[in-house]
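**Student:** One letter stands for each residue in the lines below.
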Amino acid sequence: MADTLTIKRTSGSASAFIPMDALRSSGPEYSKLVDISRCIGCKGCEVACKEWNELQSEPTANFGSYQSHKDLTPNTWLLMRFNEIEVGENLQWLIKKDACLHCEEPGCLYACPAPGAIVQYTNGIVDFNQENCIGCQYCVTGCPFDIPRYSARTKTVSKCNMCIDRVEAGLEPACVKTCPTNAISWGSKRDMLAKADKAVETLKQRGFQHATVYDPSGVGGTHMMYVVPHGDRLADYSLPTDPTASPAPLTALNFLKRIGAYLFGFSLVGALGHLLAFGQESPDEHE
Amino acid sequence: MASLAATFGRGAMTNHWKDIKNTDVVLVMGANPAENHPCGFKWAVEARDTRGAKLLTIDPRFTRTSAVADRHMQIRPGSDIAVLGGLIRHILENDLQHTDYVAAHTNASFIVGSAFGFQDGLFSGFDEAASGYDKTSWEYERGPDGYVRRDPTLQHPRCVFQLLKNHYSRYTPDVVAQIAGCTADEFLAMAEIICSTGTADRVGTIMYAVGWTMHTVGSQIIRTAAILQLLLGNIGRPGGGINALRGHANVQGATDHAIVAALLPGYLKVPLPQQATLADHVRDSTPEPLAPGSVNYWANYSKFLVSQLKSWFGEHATGANDYAYDHLPKQVSDATWLTMWDQAHQGRLEGFVTLGFNPLLAGPDVPRLLQAMSNLKWKVVIDPFMLDTAEFWKAPGMNPAEIDTEVLYLPSSHWIERDGSFTNSGRWAQWKEQAVPPPLGVEPDTWILSELFWRVKELYQQEGGAYDAPIQHLTWDYLNPRLPTTVELAEEINGRDLSSGRLLSSFGQLADDGSTASGNWIYTGSYTEEGNQMARRGTADPTGLGMHHDWAFAWPANRRVLYNRASADAGGRPWDATRAGIAWNGREWIGDVPDYGRTTPPDAAGAFIMTAEGVARLFSTDLVDGPLSEHYEPVESPVRNPLHESVPINPTIEWYGGIRETLATDGDDFPYACTVYRVVEREHFVTSNVPRLVETMPDFFVELPEGLAREKQIENGGQVRVWSKRGSVQGTAIVTRRIKPLQVDGRTVWTVGIPVHWGFVGLTQGSMANLLTPFVGDANTRCPEFKSFLVNVERADVETA
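Protein sequences, first through last, are from chains A and B.
Just so you know, our numbering puts the end of the first sequence at 287, numbered straight through with nothing missing.
Just so you know, our numbering puts the end of the second sequence at 801, numbered straight through with nothing missing.
In case anyone wonders, no lab produced these hints; they're calculated from the structure.
Note that the coordinates shown come from a computational prediction; the quantities given were computed from them, not determined experimentally.
Virtual Cβ for every residue (Gly too), placed ideally from N, Cα, C.
Hints should not be assumed to be uniformly reliable.
Stated by the list, open to error - Reference listing, derived: stretches of chain A covered by chain B, where coverage requires no fewer than 3 residues with Cβ under 8 Å from a Cβ of chain B:
(1) 53 to 66
(2) 79 to 93
(3) 115 to 125
(4) 174 to 188
If we strip away everything but chain B, and leave its shape as in the complex, we get (with noise of 0.2 Å):
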């Protein structure tokens, strides 16, 4: 998501599942949705059969996904950059990107200061020490009004334009075969058809998931499929996008409400330590307008700060006290799940409370984890099943009695057992009603996160201590407050004007005098005084490309597809009459909710809203390793780096104590590339529960190419021992023509594949994958590079019972 809002401004899949089905090519990439989104999936297949849009797949493995593709590309894990790098090299040397859509909508004529450069595989301004870039000298040049100078010609050899042309111009067909192993014809195959969408009358898509997030590079493959849509002029437009898909019913809903470190709800910011005052941090929260007509709507941030503070303290949130500013926690180091495990692992982690989730089977270097979590005092497990977590002392080779870790287990209730919201991938919040009551004794996750609130409030006025006003000043206006109700949340996080009490109807209607309130200025509008909107079920659908507006409600402002003036050109016409997401009619803008003023003429503002720029950003300095992307090597790969050996791998991870010894070097024996996944018919980890779903995918398996199984001796059903530096794992054998061996850099190699839905608690037990990964993650957002590792393979013979 980080590289999503450091493109275009928002981090959320662009469209919506429906309107998939307006593409006329789709590109699943980093992506298995027929096997882990499955219902989203058939509005791909719905394109493919009503409008003849091309299907494909580009993957390690020839998935449930390829079964239904027009065409199938196998790679190397690891090796979208040079893949995707590749198709930018295609479109700007055979003039295919929508030339008037990039003029209109990107910074491509954004002009670049002397000083940025790329060389030897760095940018400009890398501190070796620092293992990090002073991002400086990629800042634009500046002109005298203070925007940035810019070349609406596209020649200024620094402009955004040409530094792209030169920057991929590495990326022949050759090399990406030499990188990816696919054969340079194959991948010319795959570009003609993807690159054909440049043009007004045609629009692509790209559905991607956690392929693409689980790699030490995992921002810059998105920020490379981002770039690559805006050159084809696909974003904003129906049937385009580049579409995020979120692995559970409600990810996007927990992301947008915090789960994700340094975030506040709503995507404000954590504040810093150096940020004394509220001004301070609204200052280094709001972006100055870089090009003239840029709406450059975070000018707004401190109306959302201000009333997510006056929600969350009330009265004791003031204009003399800062709305209570100093309540907010500063942020003094990295917290995100790495991090967590490293501190743990060193012993400096107390206790540790989890909530819905199954933190041993999902993070990566099992061994690791295991002893991290032996290292903690206490542990607070909160599930509907009893989970490999909270049992982690019984894990394979752990000894109970040498661990002193209390385990507290709370059962809670199920999301079947609770009415609510989900909000889909498409950024739907859709409420959902309570199915059946939970067993007796079993108590929502409100009713339990409720009692730790009121107990620990009760302790500190019993017992006082350090600074305790954050917790006495919290509001818990609820008619029970010992259990809030899901309505009462969902009306709190919509927010209120504080005068009338009356529930606002936009975010536009926010303040940041502390007259208004709202837990999460995104979803204002979600739940108004015309009652719940995320309850509606209106299936009318006047524009017939499936936008649904009165079906649910979908944030930012019951907008369908992000971004959507770029679906018009500069002056307001769609690109595609037949697909248009809004236009201008001379008064006002006609179609999905406009991402602009209504009223807002097309020559007024950029189609940008969320971007200092006022366009979406071809070139971004947002990520911290690179403004553009650049293929380099999983950690652990099996060939150098042919574009530069002397930095081979993102030269700005952070590194862990320790976890470099836990890699594979070139004298160890790990000659196969290795990537882990899901099936259709789990989920995670919690359907080990549903006998069902046990019985249709018992047992934990591996797959391997059928060249190495017989290299190796191994039998098609039979047991197959996998390790890595970090653990091995045993599993039955699932010998396949679906995996083939790659010529890469002149050398073969084999991938073979591994599921993850296996523990040791459940109705079947099986290895963990996880036993087998690297504790090592995406330089932005340290997301574990769980797709691309090495291991060795043998034939496990073991007695039958």
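Next comes chain A alone, as it looks inside the complex (with noise of 0.2 Å):
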């Protein structure tokens, strides 16, 4: 069962730039599908996601929602978004699960400078590796669905990493073993696929006309898939209509990050020369 992961590109090297098709690679690769038509917006997902990652509660108050927090947060890698519309006469209580799609071209790897900061495996992870990270924050702009978060009091960005050490031991990601009602599935991304082509003649059976599987080809396609009950109504789930990422708008960004490498160049004899003006600064305690 244990599957063991292979690296198809990393951020800052020569491979985030193979065009996809090369990598194509033999091997597993997996996809989570969330049917949001299954899903009771219970949060078991949310606190499992934590609980496996251990990542720390966070004080929290109520806004008038339903929902826990107003955003993802470097500890809270998955939120319940809730939002109430009218389709037609009909009241819809829209509650998406928002976290990290890993993207088969990600955005935020394209954009990342740092050698080794953000990963892609064969398998279809999209990994960040904090200890890599310089905390520029590119990825953050990189990212067409808005999902990674910076934290000021790590200088690091962190977002969902799919439970990549359970999935590499075989297992299901935390979220989908919690989900009570079977909203979100794991598996290889053709039989998810084929899940959820099924999961949309269901709903269309059932009247919604426009449901439709969430898997935009402007990113290559993604490891987290939505089947979307409302699939006209996208911006009202916070999900962007046409999403894109390539490698190839990046040229423009190496360019910058070239420049950048200059710049840091001067800001650090800059930095030397004001260390040896005015000596050194007690650390700043505030976060």
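Take the two lone chains, each set in its own frame, and fit them into one complex as the hints suggest.
**Tutor:** This is the structure in structure tokens:
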């Protein structure tokens, strides 16, 4: 059952820009499937995510919603978002599991200048290695789904790692394991696509004419897909209609990165000068 | 549960969780299983997606269950009987009942005496002074053979079928709309789906919970639903039933073992003072069969009770002393929840022991409860966590200097820290193992209760006392008498043959001659010579219906669907061969464990073995407030009762002293209907100690409809104050479109919703919802009316820190 992780691409290296087709490899390619029509918004996945990944509980306050946090945070990689909309005369309470989609073409990885800080494995998981992260937050800009979150305390960026340690041991991610209504499934991308198609068919029979599978091609498809009952109302689920990420536009970014490196060099010289002139400051206690 | 027993003979969920996957229609009403039973609810979603079942919710709010339902209808809190009565009328007016089922398995053909009647909101036999009914006029008409007279054509004007038709004819769609606030069209669209299951090839289920029980008409709401399901032929069938969802993992187990006042374990009765001898008590508790072919299983009452007495008093229970019948306390007055606290309020209760329970937050009218608790001399709180109940003197507004109550807090182990069994809603007793040891110095409940017993017994031995025999004679035969193991207790509950010492395998082996002992007859078979049946984990499912007979133990007799004889027609053929409960193969019944003798032929006995009629009761004299149900308003209602203005509320409510003064009257300004409920992130009060769960739902809140919030200038996320005549709460406003304004009886009624999970002890503090609720309960069970009362609302401007 154990699954050996094979690196497909890493950030800040030549492999980041190898065309995707050349990287297609044998071995299991996984996907999570979130069937929104089966989700009851119990937040069991939210808690399981924190438990397994040992993420700190954060002080929260009700802000006029069933939603626990206003937004994802460095310690909240998974957030159930609640939204009330009207579809025709019917009220719909949209409840969506928000977390990293693990893009086949990961905008975060393309944007990342730090070697080895973002790694994509052949099984589809895109993981952040905080020890290599330089805190530049380019990944935040690069992500078309607004998922990674920067911690001012650790000066690094975090997001869902698909419970990579569980997956490596042949287990499903913690959120999948805990879901009481089987709204979240786990398996090969192919199996999950088949399951998603079937779910969409069921939804159409139930009258959801616009039901769809969310697996956007602009990012090469994702390793967390959604079955969306109201496929014509993606924005109401806070899902971008046409997200994109590809290595190509990053040429410009690379140019900027190079300039950045020069600027960094200059700033180092400046800092050294500052240190020599004014001495060392005491560490700032503020967070 | 009282109303299920009144209708079917047993007070329990008829089917089980996994069986819900076999249904065609799921009506969720008086429940919110997505939030309160999320794991079991998966089977409703499964039925929706694999069978194309329709999932419906009827509720004062659009809940997380509604979020995944096919259709939702909003109603006013407390209007359930009007809606269900309307469904019954819809069936009878349009001939949608499952006719063969009704004829074979219900008392539709039974003829009621000519004195029975219903007029102006009252059934015959009402005694104004006693606020109760003399039920004599509700009795059946008997033939010369002593059995009830019946009319199989269902045409006799006094047969139950015609009485039903007549009684519910008033609940037209327009009347339903007028009372409940939905539109007649909305109601009819719902009715069309719900009433589509009155055929052999279709079956529907109802999931309900405390959203029905917590009303002054709670038992009658459930009775109405039971009548509905009987007319549609949905009881006893896989995929059918009326499924009472129990709150905690072990509420069903607690109920089975006599948590309800006036009951002994296994639904035997606490004797009454006038029942001076065992024979008196057995005679009063053993019904006479009312129809030929009635198995009338309660005729075995004496076997269950004598075995229980043998289990409790051992060698001290003999034929010569009525098996120590005198040792059982006799009930002189009501001892239910509200009555206990009323006694305390009057200063007539000295002490109180609470175990695994937080009564201060769980009861209605917290200001009254606080006064009552202050009157106690002592209070013992046994719980894994410090509770608001233990620290009631710290409640907002209390002055500890004025309270003399001595509180003893005993930390006990959590269920995670001990082995034992849980009995789930579907009556499956499942054994579990200890997951982690308790913290140092923390003892299990069994040790605490055992010590309590020994120390009381030792005091009696040293000092003597009035009638100490029940304590002195109580059996306590455990390897370590100071710490019984849960295995020893399970064996004792199961019972033994006293001559051989062997564990029994079926309650059919119990005798009333003192040769057997059993702590609770319905659990006989749960721990046998073959071992702990509750610990079985076989996953085989030969029927494909999810019965799993090798998984754990389901009472009674490992039966998975109660009343399963009714899943087949008069000849024993299943109504639906693809969903057969049991089937007669000419020699014996195959399928589920039959609710019937395995080789009893189909025509030999009635399907409902626990009723004296042998069939299920559409008309039942068991409840105190009527043999049929009737819509009465909540004691606090924003509108009149259009059916009978002179009898607006349940006329048989028990009123405690000083309570009427705590209710809103016409002159008061409490215009909004309010209901309290639970959310999935929290479980009652205990989860206020769990950081992860507090994080997911941190603060006390109030749900308000958009229009009302606008009118009151209350902003989403702002602070709002809600008050009733009894108390006041404040919290964060969740302004929502999930609660709409309703047009009720010609005026707009707004509904406000409040969750119950907060108190003043725990990781986060918040208002106690029950500061608002009224101290009045159901006429039968006295379960408080938490679900419907009146409030006012205003914006609360607090200084932000």
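**Student:** Taking each numbered hint in turn, which are not upheld by the structure, reported in ascending numerical order?
**Tutor:** 3
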